[in-house]
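Work the whole structure out from these sequences, hints included.
Residue-level listing of the chains:
2 protein chains.
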Amino acid sequence: MALIVQKFGGTSVGTIERIEAVADKVKRFRDEGHDIVVVVSAMSGETNRLIALAKGIMDEPVPREMDVLVSTGEQVTIALLSMALIKKGCPARSYTGGQVRITTDTAHTKARIQSIDEANMRRDLSEGRVVVVAGFQGVDEAGNITTLGRGGSDTTGVALAAALKADECQIYTDVDGVYTTDPRVVDTARRLDRITFEEMIEMASLGSKVLQIRSVEFAGKYNVPLRVLSSFIDGPGTLITLEEDGNMEQPVVSGIAFNRDEAKLTVIGVPDVPGIASRILKPISDANIEVDMIVQNVGADNQTDFTFTVHRNDFNKAKAILTEVAESLGAREVRGDNKIAKVSIVGVGMRSHAGVATKMFASLSEEGINIQMISTSEIKISVVIAEKYLELAVRGLHSAFDLDADKNATGV
Amino acid sequence: MALIVQKFGGTSVGTIERIEAVADKVKRFRDEGHDIVVVVSAMSGETNRLIALAKGIMDEPVPREMDVLVSTGEQVTIALLSMALIKKGCPARSYTGGQVRITTDTAHTKARIQSIDEANMRRDLSEGRVVVVAGFQGVDEAGNITTLGRGGSDTTGVALAAALKADECQIYTDVDGVYTTDPRVVDTARRLDRITFEEMIEMASLGSKVLQIRSVEFAGKYNVPLRVLSSFIDGPGTLITLEEDGNMEQPVVSGIAFNRDEAKLTVIGVPDVPGIASRILKPISDANIEVDMIVQNVGADNQTDFTFTVHRNDFNKAKAILTEVAESLGAREVRGDNKIAKVSIVGVGMRSHAGVATKMFASLSEEGINIQMISTSEIKISVVIAEKYLELAVRGLHSAFDLDADKNATGV
Chain A
318 MALIVQKFGG
328 TSVGTIERIE
338 AVADKVKRFR
348 DEGHDIVVVV
358 SAMSGETNRL
368 IALAKGIMDE
378 PVPREMDVLV
388 STGEQVTIAL
398 LSMALIKKGC
408 PARSYTGGQV
418 RITTDTAHTK
428 ARIQSIDEAN
438 MRRDLSEGRV
448 VVVAGFQGVD
458 EAGNITTLGR
468 GGSDTTGVAL
478 AAALKADECQ
488 IYTDVDGVYT
498 TDPRVVDTAR
508 RLDRITFEEM
518 IEMASLGSKV
528 LQIRSVEFAG
538 KYNVPLRVLS
548 SFIDGPGTLI
558 TLEEDGNMEQ
568 PVVSGIAFNR
578 DEAKLTVIGV
588 PDVPGIASRI
598 LKPISDANIE
608 VDMIVQNVGA
618 DNQTDFTFTV
628 HRNDFNKAKA
638 ILTEVAESLG
648 AREVRGDNKI
658 AKVSIVGVGM
668 RSHAGVATKM
678 FASLSEEGIN
688 IQMISTSEIK
698 ISVVIAEKYL
708 ELAVRGLHSA
718 FDLDADKNAT
728 GV
Chain B
318 MALIVQKFGG
328 TSVGTIERIE
338 AVADKVKRFR
348 DEGHDIVVVV
358 SAMSGETNRL
368 IALAKGIMDE
378 PVPREMDVLV
388 STGEQVTIAL
398 LSMALIKKGC
408 PARSYTGGQV
418 RITTDTAHTK
428 ARIQSIDEAN
438 MRRDLSEGRV
448 VVVAGFQGVD
458 EAGNITTLGR
468 GGSDTTGVAL
478 AAALKADECQ
488 IYTDVDGVYT
498 TDPRVVDTAR
508 RLDRITFEEM
518 IEMASLGSKV
528 LQIRSVEFAG
538 KYNVPLRVLS
548 SFIDGPGTLI
558 TLEEDGNMEQ
568 PVVSGIAFNR
578 DEAKLTVIGV
588 PDVPGIASRI
598 LKPISDANIE
608 VDMIVQNVGA
618 DNQTDFTFTV
628 HRNDFNKAKA
638 ILTEVAESLG
648 AREVRGDNKI
658 AKVSIVGVGM
668 RSHAGVATKM
678 FASLSEEGIN
688 IQMISTSEIK
698 ISVVIAEKYL
708 ELAVRGLHSA
718 FDLDADKNAT
728 GV
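Residue numbers (this note's numbering), protein chains in the order written: chain A, 318 to 729; chain B, 318 to 729.
Hint data in this document are derived by calculation from the structure and do not stem from the laboratory.
Keep in mind it's a predicted model, so treat the numbers as computed, not measured.
Don't take every hint at face value.
No copy is singled out in the list; a pair is fine if it fits within one copy or between any two copies.
Unchecked claim - For lysine to aspartate or glutamate, the following DMTMM-like pairs were computed, each having C-alpha atoms within a straight-line distance of at most 25 Å:
#  : residue 1 : residue 2
1  : Lys405    : Glu337
2  : Lys404    : Glu349
3  : Lys372    : Asp631
4  : Lys344    : Glu377
5  : Lys404    : Glu363
6  : Lys405    : Glu377
7  : Lys404    : Glu377
8  : Lys344    : Asp376
9  : Lys405    : Asp376
10 : Lys344    : Asp551
11 : Lys372    : Glu334
12 : Lys405    : Asp341
Here you go:
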């Protein structure tokens with residue numbers, strides 16, 4: 318007898334047939350005696366349809382009205398899923414974000430949840446109903462409809478789980494869990510039974526886009542156990558929790574993340590004086606270009622080289638800006654490379670293990686892969702390499718850190 | 318400088334282009350200095366699309382969830398129209414029924430408005446905004462979404478006009494006003510500049526389906542001047558108001574309504590004893606069949622004939638029920654005819670004019686049309702005739718009561 322929040326994304330509720338399948342799944346849990354709160358997204362395609370309507374009127378639709386518009390997508394799903402549950406003999410009641418009530422700030426299209434009134438949900442649960450809540454939406458203090466931004470249904474799920482002190486928040490997706498790395502690249506990649514919030518955040522931000530990163534942070538902050546499962550295949554999925562003390566034999570590295578969406582820019586021969594980093598990066602951020610990795614090495618002859626990465630789509634724009642900046646700084650030249658990839662090893666085990674970086678670099682070196690940039694944090698090490706070596710690097714690291722499925726009894 | 322409520326139906330907002338056209342029209346009124354509250358329906362086809370989704374799950378969808386589902390239709394329109402207005406430099410803000418707030422009873426799918434909080438609207442109007450409200454919907458005391466039933470957007474418009482004490486409630490439709498009769502039947506039919514609420518109700522209930530009858534009753538009750546206009550063609554439309562005292566030369570008959578959706582059933586040779594009418598009609602109403610006209614004549618030999626009309630779709634069902642009833646009553650036989658039409662003359666002028674019925678019957682007689690049933694009220698006289706004579710009867714009456722366009726200078 319647990320209280321479980323289950324979140325189903327747009328693909329899982331994309332047709333009437335799939336909504337019926339979700340209802341079957343929800344009912345199965347409820348028949349086992351659990352209290353269930355379901356959070357759903359808009360049917361797949363619906364949000365894009367609504368956005369297209371708005372774009373038919375204006376290129377940058379008014380945010381307040383955009384939220385009124387797109388929030389209808391989830392509202393349709395909650396009604397349909399509630400009907401499907403009731404038809405199957407499972408009492409249910411739907412709630413929009415505003416009805417729950419999920420109060421947010423007023424930042425339309427990217428609002429943040431401030432509070433949740435759990436009274437309605439508690440009453441329905443105690444009366445034996447499944448509660449079906451529209452993801453992605455809320456209302457501000459004045460009653461204006463807000464949305465949490467794309468993918469925000471995960472956040473709704475976690476927030477409800479936190480408010481209700483649920484035993485688990487289950488996120489149903491089209492994959493059956495979190496993998497050691499992308500199975501399309503490494504065929505011995507295996508599903509992890511467990512991963513920590515911190516690891517998941519590093520994996521997600523590095524390109525393993527199973528969960529919206531914000532929802533993982535949120536879950537970690539409120540210690541809501543999060544489980545990633547498949548909507549279509551039964552299985553235990555991957556449980557994301559706090560790191561457990563004394564967890565015997567925590568693997569050093571939990572997974573290998575990678576990203577080929579980035580491009581590298583270097584300013585060569587920059588005067589090595591204070592304030593140079595901000596003078597280089599300010600025009601970039603002023604142009605709304607996000608910077609990921611930044612590396613500056615110790616200089617010589619009062620000069621240094623300054624390198625950073627941006628999204629590949631921003632490469633040309635950033636390079637043009639940088640060329641002007643370099644000139645004004647008296648730098649020697651600007652070099653760019655958009656054929657790079659970032660590969661990262663992630664694992665809380667790194668904290669207590671020395672030599673992880675050495676092992677990573679040795680593995681890459683064995684394959685003859687040159688490392689262009691290195692960046693480290695407490696639980697991850699990232700390197701930038703030439704894009705053509707990406708698969709080779711990931712496969713080598715996956716094997717070097719004993720992640721291959723055939724080496725582990727719990728693998729699938 | 319007036320306060321005007323404007324209601325646009327589904328056809329008027331059926332595409333992005335039409336929504337833009339509505340925005341242009343609204344802006345034109347506002348630029349003249351008027352305060353405008355706009356009520357919109359769902360884009361045409363949208364409500365049916367949503368209903369089809371629900372029917373894909375269950376034949377008789379749960380009413381509460383049905384309201385959650387279909388209310389999204391109008392919510393989409395308010396967002397899009399507000400965007401279009403803002404784009405055109407006309408400040409605007411959208412409100413769902415729940416946001417206004419329009420409070421209704423809890424009768425899902427056919428709720429009745431109980432109160433309207435005008436504070437938000439007043440504030441927006443005073444700040445120079447056009448207020449855009451979703452028609453057809455509200456919330457009950459507990460915050461559940463309700464809908465007013467199909468066509469309920471007209472009712473929303475009138476209710477808002479009443480709450481705001483608006484100078485006029487304009488209902489934009491695909492016709493340019495109320496006509497003396499259907500122009501497809503009588504090519505000399507002309508648009509009425511004015512008609513009273515009572516006349517409009519009789520015209521509407523008799524088949525001139527320009528306005529939802531409930532909204533006309535509502536407008537009459539709160540004395541909200543109602544104007545029917547075309548969304549697509551500019552013009553003064555028809556103003557529906559209270560009957561004015563001393564209105565010189567009120568025409569005797571304002572219009573000719575007709576209806577070919579009915580069928581006639583007669584029980585011949587019923588014992589002429591008290592309680593017979595209810596014994597005949599109760600099984601009919603128990604079967605959810607609505608009865609329109611009822612005629613029972615003075616009997617002879619302790620027997621009488623009992624005739625009534627039902628919707629043509631209910632004819633076979635009603636006849637089967639009646640056959641059983643007739644047997645149990647010892648009646649002689651049941652006769653039915655589904656090739657009939659009802660023709661009515663409507664006009665408040667009848668109250669002060671004698672001989673209107675005589676003139677009507679004479680007109681029909683001149684055309685050799687036999688009258689099968691007659692029913693009268695204070696401002697209308699209805700007759701049932703063979704369907705094949707419908708056009709002939711309507712044209713003759715239109716001419717007999719001086720309604721033809723060429724006889725009247727104000728005609729279009």
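For each hint, the structure was consulted:
In this assembly of identical chains, Lys405 and Glu337 lie within 25 Å of each other by CA distance solely inside one copy; the values are 9 Å within and 43 Å between copies. Proximity of Lys404 to Glu349 under the C-alpha cut-off of 25 Å is restricted to the intra-copy arrangement: shortest distance 19 Å within a copy versus 53 Å between copies. For a Cα distance limit of 25 Å, the shortest separation of Lys372 from Asp631 inside one copy, 23 Å, qualifies, whereas the shortest one across copies, 47 Å, does not. Taking the closest pair of Cα atoms, Lys344 and Glu377 come within 25 Å of each other only across two copies (21 Å); inside a single copy the shortest separation is 41 Å, beyond that limit.
For a Cα distance limit of 25 Å, the shortest separation of Lys404 from Glu363 qualifies both inside one copy, at 24 Å, and across copies, at 24 Å. Proximity of Lys405 and Glu377 under a CA criterion of 25 Å is satisfied inter-copy only: 14 Å between copies versus 43 Å inside one chain copy. In this assembly of identical chains, Lys404 and Glu377 lie within 25 Å of each other by CA distance solely across copies; the values are 10 Å between and 41 Å within a copy. Taking identical chains as interchangeable, the C-alpha atoms of Lys344 and Asp376 lie at most 25 Å apart only when they sit on different chains, with a minimum of 21 Å there against 43 Å within one chain.
When the C-alpha separation of Lys405 and Asp376 is checked against a cutoff of 25 Å, the pair qualifies only between copies, where the shortest distance is 13 Å, while the shortest distance within a copy is 43 Å. Only within a single protomer do Lys344 and Asp551 lie at most 25 Å apart by alpha-carbon distance; the minimum there is 14 Å, versus 56 Å between protomers. Taking identical chains as interchangeable, the C-alpha atoms of Lys372 and Glu334 lie at most 25 Å apart only when they sit on different chains, with a minimum of 12 Å there against 30 Å within one chain. When the C-alpha separation of Lys405 and Asp341 is checked against a cutoff of 25 Å, the pair qualifies only within one copy, where the shortest distance is 8 Å, while the shortest distance between copies is 48 Å.
In terms of the numbered hints stated before, the structure departs from none.
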